[in-house]
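**Q** Sequence:
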Amino acid sequence: MPSIILTNTVASITELKTNPMATFNAAGGEAIAILNRNEPAFYCVPPRVYEYLMELADDAELARIVEERQHEQSYAVDLADLLK
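In this text, residue positions in the sequence shown follow the numbering used here: the first is 301, and each later residue adds one.
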């Protein structure tokens with residue numbers, strides 16, 4: 301069955317087990333697809349990419365909350381009262 305691979309770099313699980321850092325470094329700071337029997341098993345991503353993905357997920361959750369609450373009644377609040 302054909303698979304879509306969403307990276308420019310791929311490696312086998314065997315390559316990853318043999319030398320994890322060399323495999324990771326071969327991607328040049330980008331995500332790398334790890335294949336099991338020529339099928340994508342998972343993606344290995346650098347910390348900066350993972351942090352970006354977590355920020356996107358967090359932003360999506362906050363947007364959902366805003367959307368959910370946008371029609372609720374609002375209340376006037378004095379900032380000075382909140383800081384007491």
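Simulated from the structure, these hints should not be mistaken for laboratory data.
Using N, Cα and C, we set each Cβ at its ideal position, and we do this for glycine too.
Keep in mind that a hint or two might mislead.
Said to hold, decoys possible - Computed spacing ranges between beta-carbons, pair by pair: (1) ASN336 to ILE365: 35 to 43 angstroms; (2) ASN338 to SER374: 51 to 59 angstroms; (3) ARG369 to ASN308: 39 to 47 angstroms; (4) HIS371 to MET321: 50 to 58 angstroms.
Claimed, not checked - SDA-like mimics (lysine to any residue), calculated; alpha carbons at most 25 angstroms apart, straight line: (5) LYS384 to GLU361; (6) LYS317 to PRO340; (7) LYS384 to SER374; (8) LYS317 to ILE305; (9) LYS317 to PHE342; (10) LYS384 to GLU367; (11) LYS317 to VAL349.
**Q** It remains to establish, for every hint, whether it holds in the given structure.
**A** Outcome of the hint check:
Between ASN336 and ILE365, the C-beta spacing of about 38 angstroms keeps the proposed range 35 to 43 angstroms intact. Our hint of 51 to 59 angstroms for ASN338 and SER374 holds, since their Cβ atoms are close to 56 angstroms apart. Restraint check, ARG369 to ASN308: a C-beta distance of roughly 41 angstroms satisfies the suggested window 39 to 47 angstroms. Checked against the hint of 50 to 58 angstroms, the C-beta distance between HIS371 and MET321 comes to roughly 51 angstroms, which is consistent with it.
This hinted pair does not check out: LYS384 and GLU361 have alpha carbons roughly 30 angstroms apart, beyond 25 angstroms. Annotation: proposed proximity of LYS317 to PRO340 holds, straight-line Cα distance about 16 angstroms (limit 25 angstroms). Distance restraint check for LYS384 and SER374: the Cα-Cα separation of roughly 21 angstroms lies within the 25 angstroms cut-off, and the hinted pair is therefore satisfied. Among the hinted pairs, LYS317 with ILE305 is consistent with the structure: their alpha-carbon atoms are about 20 angstroms apart, no more than 25 angstroms.
In summary, the hint linking LYS317 to PHE342 is supported, as the alpha carbons are separated by about 14 angstroms, within the 25 angstroms threshold. Only pairs whose Cα atoms come within 25 angstroms are accepted, and LYS384 paired with GLU367 is rejected, the gap being roughly 30 angstroms. Simply put, LYS317 and VAL349 have alpha-carbon atoms about 22 angstroms apart, close enough for the 25 angstroms limit, and the pair holds.
Figure legend: structure checked against the earlier numbered hints; hints not met, in rising order: 5 and 10.
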